[in-house]
Amino acid sequence: MRASILSIAFVGAWLVPTGVLYWILSDEYAGIVLLLLGGVAMFGLAAYLVGATRGTPPGPDDDESADPGAGTADGPVPVLRAVPPASVWPALIAAGAAIVAYGLAFTPWIWLPGLAFLALALAGYARETSP
Amino acid sequence: MSPALAVTDRPAAAGDPGDQPGAGIVGWLTTTDHKRIGILYVGTSFAFFVVGGLLAALMRAELAEPGLQFVGSQRYNQLFTIHGTVMMFLFAVPMATGLANFLVPLHVGAPDMAFPRLNALSYWLYVTGGLVVLSGFLTSRGAADFGWTGYTPLSDNTYSPGAGGDLWITGIALTGVASTLTAVNLLSTVIGLRAPGMTMFRLPLFTWTMVVVSFMILIAFPVITAALFMLLADRRLEAHFFTPAGGGDPILYQHLFWFFGHPEVYIVALPFFGVVTEIIPVFSRQPIFAYKAIVIATVLIAAYSLTVWAHHMFTTGAIADGFFSGTTLLIAVPTGIKIFSWVFTMWGGRLRFDTPMLYAVGFIVVFLIGGLTGPMLAVRAFDSHVHDTYFVVAHMHYVLLGTAVFAMFAGLFFWWPKFFGHRLGEGLGKVQFWLLFVGSNIVFLPQHVLGLRGMPRRFADYPEGIGYDTLNLWSSLGTVLIALAVLLFLVNIAVSARRPVPAGDDPWEGNTLEWATSSPPPLHNFHSLPPIRSARPVFDQRWGPDGERLRGGVVEGDRAGDGDRP
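Residue numbers (our numbering), protein chains in the order written: chain A, 1 to 131; chain B, 1 to 566.
The set of hints was computed from the structure by calculation and includes no laboratory data. Glycine included, each C-beta is placed from N, C-alpha and C at the ideal position. Hints may contain errors.
[Stated by the list, open to error] Heads up, incomplete: computed chain B residues facing chain A, CB under 8 angstroms, no partners named:
hint	residue
1	157
2	161
3	163
4	299
5	303
6	323
[Said to hold, decoys possible] Some chain A residues flagged as far from chain B (calculated, every beta-carbon gap over 10 angstroms):
hint	residue
7	10
8	34
9	38
10	51
11	54
12	56
13	57
14	84
15	88
16	109
17	116
18	127
[Said to hold, decoys possible] Partial list, derived from the structure: chain A residues whose beta carbon lies under 8 angstroms from chain B:
hint	residue
19	9
20	11
21	25
22	28
23	60
24	63
25	64
26	66
27	68
28	91
29	93
30	97
31	102
32	104
33	106
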């Protein structure tokens, strides 16, 4: 995890000074905003991960001598995570999104019902539980 | 067997994954298995590759001689717009995503992606987004015709009216959402689901590139999605983000587009760098040269790629030339590190030129030719002369053909046995390679000269007798060879599927974890994992600490003698 957080923070630590340099060299605003906000977003992600993993010892995935039976980052028990069942909702959400995409190009009479369909599909996706 | 090489069995899951449906069409439509989704991605993006190629062939047919023969100017504009869109958004990125879908969970020793249903959602959003873009051809004014970059004011509703442009915007936005979701999924998988002992600096380098690319997607894709919706608002709601008459700024669109668009080039290239970085060590019988340098170079390429966007805009005269010239020249350094690393991996190795390796070497050559014209274009003075000419077309096609096409074929030939349990034909593969290699050089090498002679891109016609005719004819003739190569690949798939020769679990003597499981892998990927003590766990498992061969052996008899430890 430490390496992951460091690599995220590295991107932030790259973008912020670059944004400042760009600010000095250029009077164009879009790039300044994009670079600085990109850097802030990465620092935010790294800070979240630091907070979320505070106090937890390094997992077996960061232990160079861990054995395959030592489990995953999710826990010490070497139980395979159950593979989730098949689901029809992802394809239906995409179909709903496509109807909305067509509607935006043509008329609200397409995207309004499309939006309703999309909401139904999202609800189905959210309510679906593993057996 | 020494204790360090013991294989630990994984207990079967509670509620074993028996509830995935079968191989029928419903099974594929509703699957959440990362391997099936990976294969769907690869198949769909290859289909889009064929579509994009056909559009290119139509353009080359039109350009074979001066005058208008097959398509009018309007149709030609649609052809190059949708060709670029299909190849960038619907072929190159999704092809890399497909390989990553199949390989990343296997590479880290996980049973699936972190969010399997989200993974399926990404795929379906990509498919529907692609179809929305292509369906523009069915509208009365035809598909979008303002170039794959969609520059304003050309793309506003005064100059490009019609639903085709709107469908282009909404379709691309859907594929952008799909890519962003995939990036979240891949990052979560690598951060949270690595097997015990699989530390970050033992990750296979393909997976490392996908980690880095996922970060780039998270930074770049939201920007293009926002820009596209601003453009849609301009077109449909008179919003004036990019129209000077309403106080907007057309150059802002270029900034937003290229802040996404240049990282996009590396989002396409890096995964395919990863593919050849996996292949070259296997066929050189050597470990990769300077593993950590490759990781650092990958991170540096990503970092620089976020700071070079406006080198596409030198001729606007409204950007900081020095900043973008400098960063663009700098990005050649980490890219050079990678090329040296590939060459030094081969240096002194015992090379085997099976088809994947042939393609990997072809990739280095083609990519290097494209890469060398990059620093030329980074120089502002040179760029002003060749901006919007065929020189730029040649540069970007060499770069992208090297990565997305040559390295793609390398990867497909390499991992086909893992996908389906049988290999693709070697003989046909090698013929295909030479057709593609010769063909693509015939198509794109003359375009450098055309560009230097001033031929502008994106025109359906050109004047006779000013030095464009012969070179254009050559360029068009080369297209035939490329088309034959792609056709041969499809024949190869059909022939090898009809008479499949079982390849075994590890036909190439690979290094990384996907070769430790069966071909194709079981639903939950591994019955057991070998101990992970280096970046090459399967290699370690094959060879004992004192150099004795413990496992494996190759399928083909002529390689059985390759007994000594590399």
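Hint by hint, where does the structure go against what was stated? Just the numbers, ascending. 1, 2, 7, 8, 9, 14, 15, 19
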